[in-house]
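Number of protein chains: 2
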Amino acid sequence: MTAIRTARDRARAEVTHEIKAEARRQLADHGAQQLSLRAVAKELGMVSSALYRYFPSRDHLLTALIVDAYDALGEAAEAADAAVDRADHRGRWRAVCRSVRDWARAHPHEYALIYGSPVPGYHAPQDTVAPAIRVALLLVGLIRESWAAGTLVEPPAAEALPPALAEQTRRLADTLAPELPLTVLARAVLAWTHLFGLTSFELFGQLVGSMDPAEPFAEYAADQLADYVGLRAGIPG
Amino acid sequence: MTAIRTARDRARAEVTHEIKAEARRQLADHGAQQLSLRAVAKELGMVSSALYRYFPSRDHLLTALIVDAYDALGEAAEAADAAVDRADHRGRWRAVCRSVRDWARAHPHEYALIYGSPVPGYHAPQDTVAPAIRVALLLVGLIRESWAAGTLVEPPAAEALPPALAEQTRRLADTLAPELPLTVLARAVLAWTHLFGLTSFELFGQLVGSMDPAEPFAEYAADQLADYVGLRAGIPG
DNA sequence: TCCTGTCAAGAGCGCCGCTCTCGTCCCTGG
DNA sequence: CCAGGGACGAGAGCGGCGCTCTTGACAGGA
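As you go down the protein sequences, you meet chains A and B in turn.
Take 1 as the starting number for the first sequence in my numbering and just add one per residue.
Take 1 as the starting number for the second sequence in my numbering and just add one per residue.
Hints are computed from structural coordinates only; laboratory data are not their basis.
Be careful, since some hints might not be right.
Said to hold, decoys possible - Derived Cβ-Cβ restraints for the label pairs, each shown as a range: (1) B:Y52 with A:A83: 51 to 61 Å; (2) A:G141 with B:E145: 38 to 48 Å; (3) B:V129 with A:A106: 22 to 32 Å.
Just so you know, these numbers come straight off a predicted model, no measurement behind them.
Note that the Cβ used here is the ideal one computed from N, Cα and C, for glycine as well.
Turn these sequences into a full structure, and let the hints guide you.
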């Protein structure tokens, strides 16, 4: 558990890391579909069968890359958030939205790997869920901060969730943000799905011919979503 | 141009259709990734090379399936729309949203084929754009009807689009809905992206652990989107 | 020192998309 | 009516894929 012990272990960790690095390079260049164990092995001066000492299958290697991609995206979003005044919750929201889009555009194949259609037969193992929700946690976190600061605009009181949705939202709130009104949390989830839905739409070419380039539309969407969840502009002071 | 002429032509059309049918079956069963020309050929009692008389490559066959999928989805949406009172624009909106989700859940692999990450290297040819926009046209159409009927709630006048987006939206409006206020059209596009974004999120497993099952949330989203674009409930009479 | 576990390598299996060649059959123009 | 040409299916084959199994070299613990 402590440090890496034997020379064998150290070598093993190093080779594992090198395989992932080369695989990530090929993924970024040619996409997940084209990621070939043989090509990775060749580039590393190994023979394909040797890779199976480190990853039991292509899917396992892909899973490792998925976790890395989620983490990279989460890190980018957190960095963007951290660069904005803590009290400017709306500005932070917009920064996170922009960072997601920017990261996706900079790493289209990685983005497609995590938010595109899942590889058939492939089902995400449990290791991927924790890194997968980093951006969602970030968004909920800043909404909570705005709520705590008293700057969050609540949805109209008349708007009640239907019972089934209220129950689901309550369960979600219990582990995520018990103090938030359920309507706020439901709207936050909706905004979250929209952020990634729009990013995917742009990246997968569905906007070509309408809102293309998508930059102004993405900015507008981030604004509208901030309104929708109730984030107010600027710093109270 | 008139009818199918010679026996050869008839045979060719029939075989082409059978290839597509078998390919669609395999696509529905195992996903696009697993769609193999050899398997299709074997199932049809042919040899793989013979298929190349009908489709010059796997991608071309896939493109044919994509067009079919867009058309099937468009047809389902149009049927759902047609089943609702013409004057109940909000009801029609919700029916279309529900039909998209239903179709996607009934045909996950076809849906993934058209709204998932594009196959690497694959770029949609022009044939696919016309069927691809059927649902969008349907949604814009019913918004226009509501506008014409005077039942559409306009966004707050204070909400102006930033110049770049206004210009894009205007270009879109010119060929789509010249009479609609730009803010309405922009909101419609946003709602359109959200509809498919949410559907993809559910289908690709991103909602597992939060809004799962997604039924109540999807209904809620359709409602919220109807509000957002300004569709009022019920029939004026 | 022996022995056990780890490792890279190689051969090979059954797939895949795709190409090329070769007979065959039928349609059509003379 | 018949010869030529075009469309067709079959087959062999190429290079590549994921993955398995066996083999031999090497290092660390008993």
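Taking the hints in turn, this is what the structure says about them:
no.	hint	in the structure
1	B:Y52 with A:A83: 51 to 61 Å	holds, 55 Å
2	A:G141 with B:E145: 38 to 48 Å	holds, 42 Å
3	B:V129 with A:A106: 22 to 32 Å	holds, 27 Å
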